[in-house]
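Peer 1: What follows is the residue order along each chain.
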Amino acid sequence: MRRRSLACALGVGVGAFLASGVASANPLDAFGFGSRETALGGAASADVRGTAANYYNPASIVRAQGLELSIGYMSVAHNLAINGKNTHVDPVRGLNFGIVAPGQLFRIPFAFGLALHLPDDRVSRVRALRQEEPRWELYDNRNQRLYLAANLAIAPFDWLEIGGGLSFMASTRGSLGITGEADIFKSEQSTLRHQVDADLTAVRYPQFGARVHFDETFALAVVYRGQFKLKLDLAADVEGDLARLTTASYQLETHSVNNFLPQQWVFGGSAGFLKRGRRSFVHVNFDLTWVNWSAYEAPVASLDAKLDIPAPPGGWPAGITPPATPQKTVIVPLQLHDRFVPHLGVELRAPVGQRLEMATRLGYELAISPVDDQTGFTNYIDRDRHSFSAGLGVRISGRALANVVREVGIDMHGQVSTLVERTTQKTDPSDFVGDYRAGGSIFNVGMTLTVGFGR
Amino acid sequence: MRRLACIALLSCATQGGDGQGDVDLPRTGVGPFRKLEAKEVPGVAPYVLDNLNARYRQPAALALDDGSVALYVVAVDAGQDVIVRTRAQDQRAFYGAVGDFGHKPPVVLRADLPWEGTALAKPAIVRFQGRYALYYRAEAGRIGLARSDDGFRFTKEPQPVLARDASVAWETQDLTGVTAAVLEDRVHLFYASNGAIGEAVSDDGVHFTRVDGHPETPALDPVLQPGPAGSFDAFGVFEPCASPRQTPSGRLQVRVLYTGYEKDPAAGGKSVIAFAGRYGTSGALSRNPLPVYAVGQGEHAPALWGGEAYDMLYVEQSKGYPAIAAAVAPVKQRFAEPDGFAPEP
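Those protein sequence lines, which keep their order, are chains E and X. For the first sequence, my numbering gives the first residue as 66, with consecutive numbering after it. For the second sequence, my numbering gives the first residue as 2, with consecutive numbering after it.
What the hints contain is simulated information worked out from the structure, not anything from laboratory work. Each hint should be verified, as a subset may be incorrect.
Unchecked claim - Each computed DSS-like pair below joins lysine-lysine, with the alpha-carbon atoms no more than 25 Å apart: (1) X:K105 with X:K320; (2) E:K150 with X:K320; (3) E:K340 with E:K371; (4) X:K40 with E:K393; (5) X:K40 with X:K264; (6) X:K264 with X:K320; (7) X:K105 with E:K393; (8) E:K393 with E:K294; (9) E:K371 with X:K271; (10) X:K320 with X:K271; (11) X:K333 with E:K393; (12) X:K40 with X:K320; (13) X:K157 with X:K264; (14) X:K264 with X:K333.
Just so it is clear, the structure is predicted and the values come from calculations on it, not from any experiment.
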């Protein structure tokens, strides 16, 4: 049974690798993956098992006792306001899927895992804003992504698990060609043809982790997640007659980093208390995530345009002034700061009889904003974020279920994040955006159903 | 079968909307603006007030308590340049505009004092001490004041309240444009002369004292000078329109729109509408290096109306003859067709 499930999972995994052109990114950094771990404030690198380990610590997928499948739903609503007005940042909603298939390879415990976050609204969104346009930099566009990760893990010793894998991302290149005849007096009578050529190519970034456990109640973990850049290149070529006056040509090229995920190191620990036998009823977890925000590249398009509109014979008609070539964008550097993000989680496990276990969870996460106060030309808005989370879990195991099902778990989570309001004062009184107050809250709820197979 | 399932699964998430996140973004309220388009105005876009005979020009805007905007503009009446008033409830369909048959903006001020000459120009309207205060330019660049309780019937001050001061080094020409703003219970007049903008302050709105844009230097300086060589306002800055506001952080910000010329308009220099500002009640203005409105139609003489969701810019543009055009910011703002003209001016 285990061998068959492993083969099946490997098949799905290979398929995922081959299909990487439509793959992933990372709303999970912001909102977590799996209800149990989200309820623990993301403090899970040393105390995770099953499908959620695909994100929190790939090494821990090898802890699964059998084939494990999970399906969940996450809904994140933003209430992020500037000057007291909600800017209506899009929600992040979607299904979470996971699979872990353990087995043995040369008598060494081995597992394959796959995780997928599938958004409701869109697989991926490309958005290139002007650098002065206010936007919630970490929430506006970065989390509108599909995420896919595939991992392998082994346990070479009883006390050590190591694992790693790849996450995938699609890079976009596109060109836009427009030809035809433009009537500058009656625009609705213009006849223009356009041709769009877009190309999705895969960007992969690595992740790996290790977990050391000294007994059933104390473990340490380290996890690395790589960096990626999602590039957006767009070229436009417009050519045509202008009201039969002259022939115009307009060439435009933009290059930008549409999405940037900084590399991260996670150092975690988990300790169990109130032991009865080999089981602990209280688990306290702590993770410290180092995020390399200083390598961040702002998602601003560098624009290079060439405009050629020769004057018609006899000059321009009265009232017609040909436009000038747009100046090349001068990008103001955005310097972010590396940050340590602490996560704290507490789980109370209460067995009810032999086959039922209930769990209550609390979590906290503090993400100090890596973005400096935007007193100048740019407006990458962010604020310090305090996240408080809670959750419940029920796990049924044993022969109460059909013979093929080992256990069934249902976990729920709720998380409230507060982005502390702060005022930004512009140094230049002729700034078009001006001073603003920004802050808000984020609400995250979800549920995960996990089914473990095997006896 | 498995492939079909994967395709079905992925297809769930491929029909996303445009997305938001850009609703009610902060703005200083001074653009950049886009000109209004066909169907957004009753007549020929972007003009909201034009008449070949009246030759409406040099607008001044005043936000009224009911949300509408009153424009005081210069017009030709009986062969004389006078100041008339009109109003639009939706900021676009003005009383007496093209299509509003049977209505004509009433004259509220006419030159009739000896020092005024025969033409009035460049109105600037504010509310001060519970009354309407209308500043205007008369002959030889003299600035006059008329006050009113209802915005229609004005009583003039018998003498000009401001004129060129030959002792001020930079005021080598008559005052050409004026705007008024009430800052902390005092009237501040910003006036143009010789391609620069100066400032004078009054406690009662009548007796003005010039203030120095750069107190650190011994000379009395303007608060805004022409831009650097090659810039859109290198030739000079004219026709200021001042509009103070309190920023969301509680600071007083003085916003001044103005007409900038790259070179002498008599030599074909183009005009743009630009923005300069400062924090507080005194000091020089800082200019933004980008114009807020530039359409190559001879736009000049800006007037500003600020609302909760959008801001309107009124300028004089050339339609073969002078007329008042309108523009809006943010540029994403779109209007439906106007409901109807204001029933009263």
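Peer 1: Indicate, hint by hint, whether the structure satisfies it.
Peer 2: Checked hints:
no., hint, result
1, X:K105 with X:K320, "holds, 20 Å"
2, E:K150 with X:K320, "violated, 40 Å"
3, E:K340 with E:K371, "violated, 72 Å"
4, X:K40 with E:K393, "violated, 34 Å"
5, X:K40 with X:K264, "violated, 35 Å"
6, X:K264 with X:K320, "holds, 22 Å"
7, X:K105 with E:K393, "violated, 48 Å"
8, E:K393 with E:K294, "holds, 23 Å"
9, E:K371 with X:K271, "holds, 22 Å"
10, X:K320 with X:K271, "holds, 16 Å"
11, X:K333 with E:K393, "holds, 23 Å"
12, X:K40 with X:K320, "holds, 18 Å"
13, X:K157 with X:K264, "violated, 37 Å"
14, X:K264 with X:K333, "violated, 32 Å"
Checked against the numbered hints listed earlier, the structure breaks hints 2, 3, 4, 5, 7, 13, 14; every other hint is satisfied.
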